[in-house]
Amino acid sequence: MHEQKGERAVTFGDGADIMVKFEVRGIQSAYGRDLELIAGLFFEEVKIMDGGDDADGRVTFEVTEGRPVEVWAELFIPADGKRYEMKHSRRVPAGLDDKGYRKKVKQAISFVFLELLEQWTGTRQPWGILTGVRPTKLLHSMLLGGMTEEEAEKELREQYRLHPDKIAVLREIVRRQRTVLPDLYDLDKEVSLYVGIPFCPTKCAYCTFPAYSIQGRTGSVTEFLKGLHEEVEAVGAWIRRANLPVTTVYFGGGTPTSISARQMDDLFDALERHIPGFESVRELTVEAGRPDTLDEEKISLMKRRKVDRISINPQSFREDTLKLIGRHHTVRETLDKYRLARELGLNNINMDLIIGLPGEGIEVFRESLAMVDELRPESITVHTLSFKRGSVMTNNREKYRVAGRDETGEMVRMAREWAAEKGYVPYYLYRQKNILGNQENVGYALPGHESLYNIIIMEERHTIIGLGCGAVSKIMPPGTGKVIRWPNPKEPLAYIQTYRDQIRDKLQALDEAYGL
21 MHEQKGERAV
31 TFGDGADIMV
41 KFEVRGIQSA
51 YGRDLELIAG
61 LFFEEVKIMD
71 GGDDADGRVT
81 FEVTEGRPVE
91 VWAELFIPAD
101 GKRYEMKHSR
111 RVPAGLDDKG
121 YRKKVKQAIS
131 FVFLELLEQW
141 TGTRQPWGIL
151 TGVRPTKLLH
161 SMLLGGMTEE
171 EAEKELREQY
181 RLHPDKIAVL
191 REIVRRQRTV
201 LPDLYDLDKE
211 VSLYVGIPFC
221 PTKCAYCTFP
231 AYSIQGRTGS
241 VTEFLKGLHE
251 EVEAVGAWIR
261 RANLPVTTVY
271 FGGGTPTSIS
281 ARQMDDLFDA
291 LERHIPGFES
301 VRELTVEAGR
311 PDTLDEEKIS
321 LMKRRKVDRI
331 SINPQSFRED
341 TLKLIGRHHT
351 VRETLDKYRL
361 ARELGLNNIN
371 MDLIIGLPGE
381 GIEVFRESLA
391 MVDELRPESI
401 TVHTLSFKRG
411 SVMTNNREKY
421 RVAGRDETGE
431 MVRMAREWAA
441 EKGYVPYYLY
451 RQKNILGNQE
461 NVGYALPGHE
471 SLYNIIIMEE
481 RHTIIGLGCG
491 AVSKIMPPGT
501 GKVIRWPNPK
511 EPLAYIQTYR
521 DQIRDKLQAL
531 DEAYGL
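Under the working numbering, think of the first position of the sequence shown as 21, with each following residue one higher.
If you are wondering where the hints come from, they were derived from the structure by calculation, not from laboratory data. Backbone N, C-alpha and C define an ideal beta-carbon position, used for all residues, glycine too. One or more hints might be untrue.
[As the list claims (entries may be wrong)] Taking lysine-lysine and the DSSO-like style, the derived pairs with C-alpha atoms no more than 30 Å apart in a straight line are:
1) K442 x K157
2) K442 x K323
3) K323 x K41
4) K209 x K126
5) K41 x K124
6) K343 x K157
7) K510 x K126
8) K124 x K453
9) K494 x K246
10) K343 x K326
11) K453 x K343
12) K157 x K119
13) K157 x K102
14) K126 x K102
15) K326 x K209
16) K123 x K453
17) K41 x K453
18) K510 x K343
19) K157 x K41
20) K246 x K326
21) K157 x K123
[As the list claims (entries may be wrong)] Distance windows between CB atoms, simulated:
22) D100 x G443: 50 to 56 Å
23) E85 x P202: 32 to 38 Å
24) L395 x D286: 40 to 46 Å
25) E65 x P202: 42 to 48 Å
26) D100 x V153: 35 to 41 Å
27) K246 x G152: 35 to 41 Å
28) E56 x R191: 26 to 32 Å
All chains should be built: construct the whole structure from the sequences, respecting the hints.
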């Protein structure tokens with residue numbers, strides 16, 4: 021984006037067709053990205069472009085930087101002669117550095133722009149000006165900063181424009197997290213491990229996780245596992261040297277249960293041999309999300325290895341939906357593998373549902389909730405469909421008819437009411453870009469069965485060391501609150517070719533973060 025007389029033209033698009041183009045006046049180009057993010061809550065595609073002679077509308081800002089920050093703006097639509105006006109005064113706490121002050125200016129601009137677009141479109145955004153992934157982390161930070169719950173809720177309502185329903189769910193989740201993990205705010209002297217297995221039987225249409233066909237030619241499974249074993253050994257030696265307890269271990273992917281039972285067993289052996297205190301971690305989870313990867317041998321192995329929690333994820337209980345989204349298993353397989361896991365003694369099972377899958381509306385979702393009620397898993401994660409960049413579904417949107425904004429919001433509300441009625445409590449929440457209806461994903465659990473790892477990764481309370489393909493380490497130097505992302509290669513072949521260099525560089529980053 022280039023400066024041109026201080027003016028910006030903002031283009032909003034719906035697919036390939038331009039919906040409306042605005043000329044934006046009166047703010048620096050440095051705030052253009054903030055306008056994009058807010059506009060992206062209303063329109064599918066947003067671009068900021070130079071020029072503005074052919075603009076369909078005009079937004080004029082007046083920003084007075086002081087204490088408080090004062091912002092006035094007007095939205096003018098020439099086609100119908102309508103004008104919308106908004107002004108906002110934003111408090112600036114004493115002692116903020118320049119970065120903190122700039123953040124307050126951005127929030128004020130976003131606040132005003134959101135209000136103008138809501139007036140024009142008639143659409144209320146449930147999460148206000150929040151566009152990030154972790155709204156619960158914001159509430160935690162307010163409480164850590166000394167606010168009372170009431171003060172924090174007022175801030176969320178008045179300064180961030182959150183809908184009361186969203187504030188209520190944030191409050192309930194934060195309270196639950198502090199009950200489940202009383203030492204949540206003091207966990208930065210421990211670490212957790214994420215083990216990434218990048219293979220699946222097939223790749224789902226909505227997925228952008230590292231997920232490669234177990235029969236594919238993207239790198240030998242055996243060679244990948246050889247590198248993973250070396251990484252486990254090296255990281256285990258570092259944890260021992262740093263004298264850090266391991267809180268949780270989480271197997272994700274892909275689908276970890278895509279590998280053979282023998283390969284899984286060998287990996288458990290490596291973890292027990294090299295990770296100090298592995299046998300006494302607070303929680304050991306294996307994502308067994310695809311029921312077509314499970315059998316009696318693998319389930320028995322996980323029981324013997326004292327896995328605390330697994331996921332068996334239907335996503336949908338409709339056969340035609342499963343076929344359309346590329347999940348090559350049947351509803352019957354989901355039910356059979358779930359019941360087999362129960363029979364073999366696994367007593368903490370999570371199931372995932374996705375709101376807004378193609379062709380699935382309110383009545384289908386009601387049927388899905390009824391099926392989950394019959395099964396009674398210990399936890400259920402209700403995702404709202406997100407059109408992730410690079411997914412098959414996103415690249416072929418014309419093939420997939422999905423729920424609209426109001427219908428999506430109603431299904432989110434249904435899930436919350438159903439969970440409360442059935443005794444499930446919300447315990448973690450996160451959001452994604454391009455999520456239907458600007459909604460959220462929520463994990464519900466029967467009390468005492470909340471996933472500790474899910475809480476820790478969403479609230480970013482301590483270092484999570486990623487092992488394997490596509491795993492992202494989040495290195496948090498104790499006492500700083502700073503997060504340093506360190507991604508492993510996503511593709512198996514790239515991992516196989518570079519893992520020794522990756523291990524060396526990651527351990528050096530960990531040494532620097534922990535002063536070793």
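Hints, one by one, checked against the model:
Between K442 and K157 the alpha-carbon distance is near 27 Å, which keeps this suggested pair within the 30 Å criterion. A distance of roughly 27 Å separates the Cα atoms of K442 and K323; the hinted pair therefore holds under the 30 Å criterion. Restraint check: the Cα-Cα separation between K323 and K41 comes to about 58 Å, which exceeds 30 Å; the hinted pair is violated. Annotation: proposed proximity of K209 to K126 is violated, straight-line Cα distance about 34 Å (limit 30 Å).
Between K41 and K124 the CA atoms are separated by roughly 27 Å; this keeps the pair inside 30 Å, and the hint holds. Distance restraint check for K343 and K157: the Cα-Cα separation of roughly 37 Å exceeds the 30 Å cut-off, and the hinted pair is therefore not satisfied. Distance restraint check for K510 and K126: the Cα-Cα separation of roughly 34 Å exceeds the 30 Å cut-off, and the hinted pair is therefore not satisfied. Note on K124 and K453: the hinted pairing holds, with a Cα-Cα distance of about 22 Å set against a maximum of 30 Å.
A distance of roughly 23 Å separates the Cα atoms of K494 and K246; the hinted pair therefore holds under the 30 Å criterion. Using a Cα cut-off of 30 Å, the hinted pair K343 and K326 is violated, with the two alpha carbons roughly 34 Å apart. For the hint linking K453 to K343, the alpha-carbon distance of about 25 Å falls within 30 Å, and the restraint holds. Proposed proximity of K157 and K119 is supported: the alpha carbons are some 19 Å apart, at most 30 Å.
For the hint linking K157 to K102, the alpha-carbon distance of about 39 Å lies beyond 30 Å, and the restraint is violated. The hinted pair formed by K126 and K102 meets the criterion: a straight-line CA distance of about 26 Å does not exceed 30 Å. Between K326 and K209 the CA atoms are separated by roughly 25 Å; this keeps the pair inside 30 Å, and the hint holds. Between K123 and K453 the alpha-carbon distance is near 20 Å, which keeps this suggested pair within the 30 Å criterion.
For the proposed pair K41 and K453, the alpha carbon gap of about 22 Å is at most 30 Å, so the pair holds. At roughly 26 Å between alpha-carbon atoms, K510 and K343 fall within 30 Å of each other, so this suggested pair holds. Only pairs whose Cα atoms come within 30 Å are accepted, and K157 paired with K41 is rejected, the gap being roughly 34 Å. The hinted pair formed by K246 and K326 meets the criterion: a straight-line CA distance of about 24 Å does not exceed 30 Å.
For a cut-off of 30 Å, the pair hint linking K157 to K123 stands: about 17 Å separates their Cα positions. Checked against the hint of 50 to 56 Å, the C-beta distance between D100 and G443 comes to roughly 51 Å, which is consistent with it. A C-beta distance of roughly 42 Å is found between E85 and P202, which places it outside the suggested range of 32 to 38 Å. Look at L395 against D286: about 32 Å separates their beta carbons, and that is not inside 40 to 46 Å.
For the pair E65 and P202, the beta carbons lie near 45 Å from each other, so the given range of 42 to 48 Å is met. A C-beta distance of roughly 37 Å is found between D100 and V153, which places it inside the suggested range of 35 to 41 Å. A beta carbon spacing of about 38 Å between K246 and G152 agrees with the range 35 to 41 Å that was offered as a hint. In this structure the supplied range 26 to 32 Å holds for E56 paired with R191, their Cβ-Cβ distance being about 30 Å.
In terms of the numbered hints stated before, the structure departs from hints 3, 4, 6, 7, 10, 13, 19, 23 and 24, listed from lowest to highest.
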